[in-house]
Amino acid sequence: MSDYFHSIVLEEELCKGCTNCIKKCPTDAIRVQSGKARIMKERCIDCGECVRTCPYKAKVAVTDPLEKMADFKYTIALPAPTLYLQYDISKFGRDKIMTALKMIGFDYVYEVARGAEIVTKASNIYLDKNKETRPMISSACPAIVRLIQVRFPSLIPQIMPIKSPMEVSADNARREFCEKNPGVTPDEIGVFFISPCAAKMTSVRNPIEVSKSAVNGVFSIKSLYFKLLKQMGKIKEPLNILQAGFSGVRWATIGGEAKGIESDNILYVDGVQNVIKILEQLEDDKLTDVDFIEAAACPGGCLGGPLTVENMYVARTRNFRFKSMLPKLLNEVSDVELENTEFERAPEHIDVTTLDEDITKAMQKLRNMDELYKMLPALDCGACGAPTCRALSEDIVRGKAKLTDCVFVLKDRVRNLAKEMMELEGMLPPTLDNKAEGR
Amino acid sequence: MSDSTVKLHYDIDAEDFTTAGEASSGVKKTLTRLGVNPELIKRISIAMYEAEINAVIHANGGFADVEITPEMVKVVISDNGPGIPCVEDAMKPGWSTASNLVREMGFGAGMGLPNMKRYTDEMCVESEVGVGTKITLIVYLNR
Ligand SMILES: Nc1ncnc2c1ncn2[C@@H]1O[C@H](COP(=O)(O)OP(=O)(O)OP(=O)(O)O)[C@@H](O)[C@H]1O
Ligand code: SF4
Ligand code: SF4
Ligand SMILES: [Mg+2]
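Chains Z and W are the protein sequences, given in the same order.
The opening position of the first sequence corresponds to residue 2 in our numbering, with each subsequent residue numbered one higher.
The opening position of the second sequence corresponds to residue 175 in our numbering, with each subsequent residue numbered one higher.
Keep in mind that the hints were calculated from the coordinates and are not lab data.
Simulated crosslink set (DSBU-like; lysine-lysine; CA at most 35 Å straight-line):
| # | chain 1 | residue 1 | chain 2 | residue 2 |
| --- | --- | --- | --- | --- |
| 1 | Z | K42 | W | K216 |
| 2 | W | K248 | W | K266 |
| 3 | Z | K24 | Z | K42 |
| 4 | W | K181 | Z | K366 |
| 5 | Z | K401 | Z | K25 |
| 6 | Z | K412 | W | K181 |
| 7 | Z | K401 | Z | K362 |
| 8 | Z | K42 | W | K203 |
| 9 | W | K216 | Z | K401 |
| 10 | W | K203 | Z | K403 |
| 11 | Z | K260 | W | K216 |
| 12 | W | K216 | Z | K366 |
| 13 | Z | K24 | W | K216 |
| 14 | Z | K103 | Z | K92 |
| 15 | Z | K24 | Z | K278 |
| 16 | Z | K181 | Z | K329 |
| 17 | Z | K401 | W | K181 |
| 18 | W | K203 | Z | K362 |
| 19 | Z | K287 | Z | K132 |
| 20 | Z | K366 | W | K291 |
| 21 | Z | K213 | Z | K24 |
| 22 | W | K216 | Z | K375 |
| 23 | Z | K103 | Z | K181 |
| 24 | W | K266 | Z | K287 |
| 25 | W | K203 | Z | K17 |
| 26 | Z | K69 | Z | K42 |
Just chain Z, same shape as in the assembly (with noise of 0.2 Å):
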């Protein structure tokens, strides 16, 4: 677990130590120690919320150079739906993006809206062929996967085993370019997503659904932007190349697959704290009648992503306007589109919370911790280094933090000492310059 790559990282010469971004963690995966908000990698889920917290810009989402296209002799662009919402779309449509990625260098472009168009089609076939398990819950945000794995893992015989469109597309833009270019050997073509998300950068590097991931380098869009601009204001005629209608479209939107499911029993949620109160809902096993549950880490779905430039308010009124301009699909999903949609393996508990492999070890552990605990203020001032008193205690039965690194009884300490010296100091004989004194 300890090689396990991670997007969201500390630039540590940034960091103040400021404790912001520990409270703000969904799995309390950070501690300040030595003045530096550390991740703790077994628990971070990549979801970003401490990017947005920090107010010195001190955790950073790290995707690959641009450079790394050079490594291969073909290259595909995957753009995500979020990439169209970064645009006055009235002014640079879908078909000009698409051109100008074809412009700075890509060979081919197949959009991620078409890969979600085909996942929203095996969901549905899914779903209809195993009807015991319910709700389902959406495979597509790599964040909320590992949020299960993580803090809710009864509930990983909940998700849908079906690829996330990223993954479905590097598979079938893979296989159409390899088709209309023939002696092109698979190895030969790099396949590049254009990403608003660090999840999915950690979830190519460390996949969990498949055993290696088709997709060769992540892109933000951050870093795209300004190069994509500059080529949408050369192009007179934009290429004919769009292959998705709107219900792969409107994906960048919380919403927008939970919509393409066959059911009036769909529930959509976005914010990973959100998230989590759904989410413990169904660990009691209520919402049994919902059917499918489309769950988002970012605030408004992806088009919230910490790699994106757009406010997202404003990306989610030009999704709006996509509807008016599209039909649900340009091509029907065809029996090709679909081979290989299904996950190679099911996600892994990853188990962070447990105190020792041994219960009876466990359960002294558990004691020594209430015991800390009642020692400690409980008012989670954070200035340990740890989001709560709660999770100081428990990082102190871990041996991980000590008691006085809690002001407070640190404080106490120094003080009861101060006392004790006072009174042995009483105690002490009169000093010989009294002595001279008296003499």
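With chain Z fixed as given, assemble chain W with the ligands onto it according to the hints.
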């Protein structure tokens, strides 16, 4: 002996409906820290939640006492409420005396007691009219 038992106690408050379920979610957190299998945790917390809600709705509140050992989790939910006149009837799926108001809040399907039975390994209902009700739920951890 005391080293390998964790005991938890909760008051189940009937005044504030929004806090119903606090005891079962507290137990859930504890069991997670102890590394109990998630599937078992789910069974325990669902059964306990049903008993907790019954104490709130039908008996004006009560107490939860939980004993965790490496072998099992034992949950006792007790109250000083009106008691259940016929336990055999109450155990039947769909049997309920819930008022319309309670039904409007989404309870009263008469599935609470049957679900407790379904999700636990052992269940015992002791009830006396005018005195109170005591529900004991046991789930074994190593089966
Ligand atoms: N603690 C209790 N005190 C008094 N009566 C109870 C208690 N628990 C259950 N009962 C009686 O047993 C009946 C059946 O309980 P059960 O939990 O199965 O269904 P319910 O609470 O009515 O509905 P549901 O649990 O599906 O919301 C209740 O309607 C009530 O009359
Ligand atoms: S990305 Fe999310 S889970 Fe990871 S440290 Fe930041 S807030 Fe926590
Ligand atoms: S909501 Fe979308 S952008 Fe945000 S973490 Fe999930 S998949 Fe990534
Ligand atoms: Mg009930």
